[in-house]
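**Q** Single-letter residue listing:
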Amino acid sequence: AQSVTQLDSQVPVFEEAPVELRCNYSSSVSVYLFWYVQYPNQGLQLLLKYLSGSTLVKGINGFEAEFNKSQTSFHLRKPSVHISDTAEYFCAVSDGNQGGKLIFGQGTELSVKP
Amino acid sequence: NAGVMQNPRHLVRRRGQEARLRCSPMKGHSHVYWYRQLPEEGLKFMVYLQKENIIDESGMPKERFSAEFPKEGPSILRIQQVVRGDSAAYFCASSPSLLSMNTEAFFGQGTRLTVV
Chain A
6 AQSVTQLDSQ
16 VPVFEEAPVE
26 LRCNYSSSVS
36 VYLFWYVQYP
46 NQGLQLLLKY
56 LSGSTLVKGI
66 NGFEAEFNKS
76 QTSFHLRKPS
86 VHISDTAEYF
96 CAVSDGNQGG
106 KLIFGQGTEL
116 SVKP
Chain B
58 NAGVMQNPRH
68 LVRRRGQEAR
78 LRCSPMKGHS
88 HVYWYRQLPE
98 EGLKFMVYLQ
108 KENIIDESGM
118 PKERFSAEFP
128 KEGPSILRIQ
138 QVVRGDSAAY
148 FCASSPSLLS
158 MNTEAFFGQG
168 TRLTVV
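Residue numbers (this note's numbering), protein chains in the order written: chain A, 6 to 119; chain B, 58 to 173.
A portion of the hints provided could be inaccurate.
[Stated by the list, open to error] Taking CB as the label site, the calculated pair distances span:
{"#": "1", "chain 1": "B", "residue 1": "T171", "chain 2": "A", "residue 2": "G67", "range": "48 to 54 Å"}
{"#": "2", "chain 1": "B", "residue 1": "S123", "chain 2": "A", "residue 2": "S75", "range": "39 to 45 Å"}
{"#": "3", "chain 1": "B", "residue 1": "V173", "chain 2": "A", "residue 2": "T10", "range": "39 to 45 Å"}
{"#": "4", "chain 1": "A", "residue 1": "Q47", "chain 2": "B", "residue 2": "V140", "range": "25 to 31 Å"}
{"#": "5", "chain 1": "A", "residue 1": "K118", "chain 2": "B", "residue 2": "G60", "range": "30 to 36 Å"}
{"#": "6", "chain 1": "A", "residue 1": "L51", "chain 2": "B", "residue 2": "S123", "range": "44 to 50 Å"}
{"#": "7", "chain 1": "A", "residue 1": "N73", "chain 2": "B", "residue 2": "E109", "range": "25 to 31 Å"}
{"#": "8", "chain 1": "A", "residue 1": "E20", "chain 2": "B", "residue 2": "R121", "range": "29 to 35 Å"}
{"#": "9", "chain 1": "A", "residue 1": "G67", "chain 2": "B", "residue 2": "E120", "range": "42 to 48 Å"}
{"#": "10", "chain 1": "B", "residue 1": "K101", "chain 2": "A", "residue 2": "I65", "range": "44 to 50 Å"}
[Unchecked claim] Simulated coverage check for chain B against chain A, where a stretch passes if three residues somewhere in it have a Cβ under 8 Å from a Cβ of chain A:
{"#": "11", "region": "72–78"}
{"#": "12", "region": "161–168"}
The set of hints was computed from the structure by calculation and includes no laboratory data.
The beta-carbon is built from N, C-alpha and C at its ideal position, and this holds for glycine as well.
Same shape as in the complex, but just chain B (with noise of 0.2 Å):
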C-alpha cells in the first residue's frame, strides 16, 4: 500500500504564474488536509476536504488558493498568480475517517513551491 503521494516534489514558478500541486491519499482515504510550512515555521493548516466536499477550509487564504477532491483522481491544491511569499513547503495528509482512536493522518513527503 503505497503511502501518500505528493507530485510534484519540487516546483518553480515566476511570480504570476499558476502553480498546481497534487496529491494521491493513500488507498482508502477518503479525507484529505492541506498544510503549508513557511521557512523557520510550523505547520499551518489549510484545508480540509473529503471526497467532492470542502469540509473546512479556514486556513486558506481569501484569495488565489483554492483546494478540489474530485471523484476521482488527486486532490488539486491550486496557487493563482504566485508571489514570492507562496514561497513554501505544502504538505498533504489523508486518513481513513474523521482522526479518533483508531486513526491517525499519513503525510505526504511535500512540495516545495519555490517563486522567483
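Bound conformation, chain A alone (with noise of 0.2 Å):
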C-alpha cells in the first residue's frame, strides 16, 4: 500500500526566507503526488500535482516542488515567504489504479514570523 512521509511536523521561518517542506512517499509504478495547502478552519487547496512529464512543477502563490523518482521525493519549495503562507501543508499520493483515493501525509505547519 502507498504511504507518505512529511518528515516535518513544523517549520518556523522568517519572512521573506526560503523554505523546503518535505515528501517522501513509498514506491509504486505510476503515481500522482499532489501538494494541498490549509488555512485555519478551511478546506483543502491544491497548491500544484505531478502526473507525469517535467519534473518541476510550478504551483500557485509562488510555490513549485520537484518530482525526484530515485530518492522517492516530492519537496515543496518556495524562494520567499510570506506572512500569509502561514497554514497547515499536506502532501498526497494518488495510486492510478486506486481511483480517486489520495493518501496523505501528516501534514507540516508552516508558521511565518515578520
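Got two chains here, separate frames each, mind docking them using the hints?
**A** Here is the structure:
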C-alpha cells in the first residue's frame, strides 16, 4: 500500500526567507503527487500536482515542487515566504490504479514570523 | 459554479446519538470522496462513491459508519451511536471523473464533529 511521509511536523521561518517542506512516498509503478494547503478552519486547496512530464512543477502562490523518482521525494519549495503562507501543508499521493483515493502525509505546519 | 458544499460546518452530538454529514459535490462531478482528519493528524481516506455506487470503502470503520450518494441529492456520511473518538473534521471532495492528467479533487470546507 502507498504511504506518504512528511519529515517535518513544524517548520518555523522568518518572512522573506526560503523554505522547503519535505515529502517522501513509497514506491509504485505509477503515481500522481499533490501538495495541498489548509488555512485554519478551512478546507484543502490544491497548490500543485505532478502527473507526468517535467519533474519541476510550478503551482500557485509562488510554490514549486520537484519530483525525484530515484529518491521517491516530492519536496515543496518557495524562495521567499510571506506571513500569509502560514498554514498546514499536506503532501498526497494517488496510485492511478486506486481511482481517486488520495493518501495523505501527516502535514507540516509552516509558521512564518515577521 | 459553487464549490463543494458541506453542511453543517459544525455539529455537536451527545454520545449515542446519530450524526449526519452532507456533501453536495461541484456541478457536473459524479465522484465523491470522504476523508476524516483527527486532531494533529493528516487526512485519512474513508470512502469513495460514484452516483448510487460505493466504489471503495476500505477506510470506513466496520461498524456504525455508512455512506451513500443517491441519484438525486447530496452524499451523506452517517455515523450511528457516536462516541468521543468520532470527534474530528470530516472532509468531502469531488471530481468529475477518476484522477488523471486533467482532473483533480476539489475539497469542501469540512464538517467539524464534536461528541460530548
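**Q** The structure should be examined with respect to each hint, and the outcome stated for every one.
**A** Hint-by-hint comparison with the structure:
1. Hint check: T171/B to G67/A, Cβ distance near 36 Å, so the stated range 48 to 54 Å is violated.
2. Between S123/B and S75/A the C-beta distance comes to about 43 Å, which sits within the given range of 39 to 45 Å.
3. Checked against the hint of 39 to 45 Å, the C-beta distance between V173/B and T10/A comes to roughly 34 Å, which is inconsistent with it.
4. A hinted range of 25 to 31 Å for the beta carbons of Q47/A and V140/B is consistent with their spacing of about 27 Å.
5. For the pair K118/A and G60/B, the supplied restraint of 30 to 36 Å holds, since their beta-carbon distance comes to about 31 Å.
6. For L51/A and S123/B, the hinted distance range of 44 to 50 Å is not satisfied, since their beta carbons lie about 29 Å from each other.
7. Checked against the given bound of 25 to 31 Å, the beta carbons of N73/A and E109/B, roughly 41 Å apart, lie outside it.
8. At about 46 Å, the CB distance of E20/A to R121/B disagrees with the hint of 29 to 35 Å.
9. A C-beta distance of roughly 46 Å is found between G67/A and E120/B, which places it inside the suggested range of 42 to 48 Å.
10. The hint said 44 to 50 Å for the Cβ distance between K101/B and I65/A, and at roughly 25 Å that hint is violated.
11. Residues of the region 72–78 of chain B lying with their CB closer than 8 Å to a CB of chain A number 0, which falls below the three-residue condition for coverage.
12. Only residues whose beta carbon comes within less than 8 Å of a beta carbon in chain A count, and the region 161–168 of chain B has 7; three or more means the coverage holds.
Violated hints, in rising order: 1, 3, 6, 7, 8, 10 and 11; the structure is consistent with all others.
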